[in-house]
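Peer 1: Which chain is which? The protein sequence lines are A and B, in order.
Per this note's numbering, residue 1 is the first one in the first sequence, and the count goes up by one each step.
Per this note's numbering, residue 1 is the first one in the second sequence, and the count goes up by one each step.
What the hints contain is simulated information worked out from the structure, not anything from laboratory work.
These numbers were taken from a predicted model, which means no experiment stands behind them.
The beta-carbon is built from N, C-alpha and C at its ideal position, and this holds for glycine as well.
Please note that a few of the clues may not be correct.
As the list claims (entries may be wrong) - Cross-link-like lysine to any residue pairs, in silico, SDA-like; alpha carbons within 25 Å at most:
1) B:K274 <-> A:G137
2) B:K274 <-> A:G183
3) A:K107 <-> B:D6
Said to hold, decoys possible - To be clear about the criterion: a stretch of chain A counts as covered by chain B if any three or more of its residues have a C-beta under 8 Å from a C-beta of chain B, and this derived list gives those stretches:
4) 101-108
5) 196-210
6) 269-281
Unchecked claim - Beyond 10 Å from chain A on every Cβ pair, some chain B residues (computed):
7) F54
8) G56
9) G91
10) S92
11) E94
12) M99
13) P100
14) L183
15) V188
16) L199
17) L267
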Amino acid sequence: MTSVPIQVNEVTKRFGDVQALDGVSLTVGQGEMFGLIGHNGAGKSTLFKLMLGLIPVSGGDVRVHGVSTAGAGFRDVRRRIGYLPENFVTYDNLTGLEVLRLFADLKRVPRRECEGLLERVGLGAAAGRRVRGYSKGMRQRLGFAQVLLGNPDLIFLDEPTNGLDAEGIHDFYRILREVQGMGATIVITSHILAEIQERVDRLVILSSGRVAAQGTIPQLRAQLVLPSVIEVSLHPGYQQEVHGAFASAEGLEMRVADDVARISCPPSEKVAVLQVLSTLAHAVRDISIREPSLEDLFLGYGGHHA
Amino acid sequence: MPKFLDCAQVRIIAGKEFRDRIRNLWVLSVALIFSLFALAIAYFGTAQQGTVGFRGIDVTIASLVSLVIYLVPLIALILGYDAVVGERERGSMELLLSMPITRSEILLGKYLGLSGALAVSTLAGFGAGLLPMASQLSTADVYHYAGFVLSAILMGMAFLSLSLLVSVLSTDRMRASGIAIALWFFFVLIFDLVLTGALVVSDGNLGSGVFGALLMLNPADIFRLLNIFSSEQVQSMYGLATVMPERLTDPVILTAIMCGWIAAPFLIARWRFK
């Protein structure tokens, strides 16, 4: 297969007055594990729905395996897609096995695959029980089994580990690696960067409907210089004095609350800030310095800083 | 060339809906209600005249018509209002739409599955209800009764089609159920009242053509007419026969219009199902 799994070109999406996506472009390569990061409301789910052809674009176009999601030929592409919605909700009155068989039928996947898949996601023993009695984690496992039906070559996972316990998350990524090893392309969203940063090959950070940054994690780090944060806890009554000492300093930001001053400054200014603080030794109880983590990188891109 | 309608997908959805109704005992409950009513009316329908016992199929059908005209639309509306809005509200619709299936196939599958449940319960209910009287029925009686049951199913399908439209247009289940009940009030209670009122106010000058045409705007009335004009004996029990224009007493035309009532709301529902 030579076609590019996903191409998103200058896509915009409006819901009434709300601009959910604004000129988003990205490409996902064959066999890639691609992360989509953003705060709630940044447009991740909307972008997902567009890539799945669930809703029409307002502008631009989305191609999956070279086929426009708006076109009539997209049905055949859908057979090769596995999708796990953010909240996997299904038919509570059916058993896990029945639910899986229903989706197997719709995808033209032999029903005999179903039992094995349920075993694989750890639901073998619960296959004959109604979904109504499933826990959140079990439902998510069932959703994941549904994703794997028919060995899809393109997998969309929207906040897939929601509701899973530590063991569940571990199992989930183990299976996902197996699937990726077989050549599947995977797109995964999360609002928790820490969870997927080790696992994705590349990621896009969405912020207010725009691509704030995209690339590998080292590339993203290099693109953005994030401020160091110096946290100073003060003896009571010195807030004003400390505030005054930094009032004229440029390029740094300071917030004081409850006898704690938080100073964010460019890494190069750190020493200068500490020098000023040393002249205020009588007021300072403790100092700690926090270097920008990837989480901050994400938060920075996510609208608080960018 | 991609297929416009993949029948296999329609069948899968229809099968699921139908099985759901079998499993949650919906079909059995409705069939039981219908059979009890059929039995009671066939046997005790003439109790007011001081007698009990089976008095013939025409009288039975005439009594059943007045009952079914209330019951079947209500059951059909309740059956269908949740079909789309319910799945949307619970969240399962999104996953369904991500499958290799079109909205047309989903909607048609749901409609056919629910229609099947309605048809089976109606058929079984009214069939079983009259079994004790089977030995007293002639072949013509059986045909006549079958016609009544079939027309009841068609009316049910028309109201099911309406409820599916309500389900597609509604933003939440509460509203959908409210609109479904309002539709029932309108078609079953208010419509005829307004029409009768108009007839009286116009001092009977409302032309039979206009009056007949207005009756076609209500599937419940079409059902009533279908059952009146299929029997001489029943016709004489109603004064309506004299008011209706000739063409609108033809069961074939009435059935065709009823089919229009099945198709039209469904097609609008498909158009609005986004």
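Peer 1: If you check each hint against the structure, which ones fail?
Peer 2: Violated hints (numbers, rising): 1, 2, 5, 6, 9, 10, 11, 12 and 13; every other hint is consistent with the structure.
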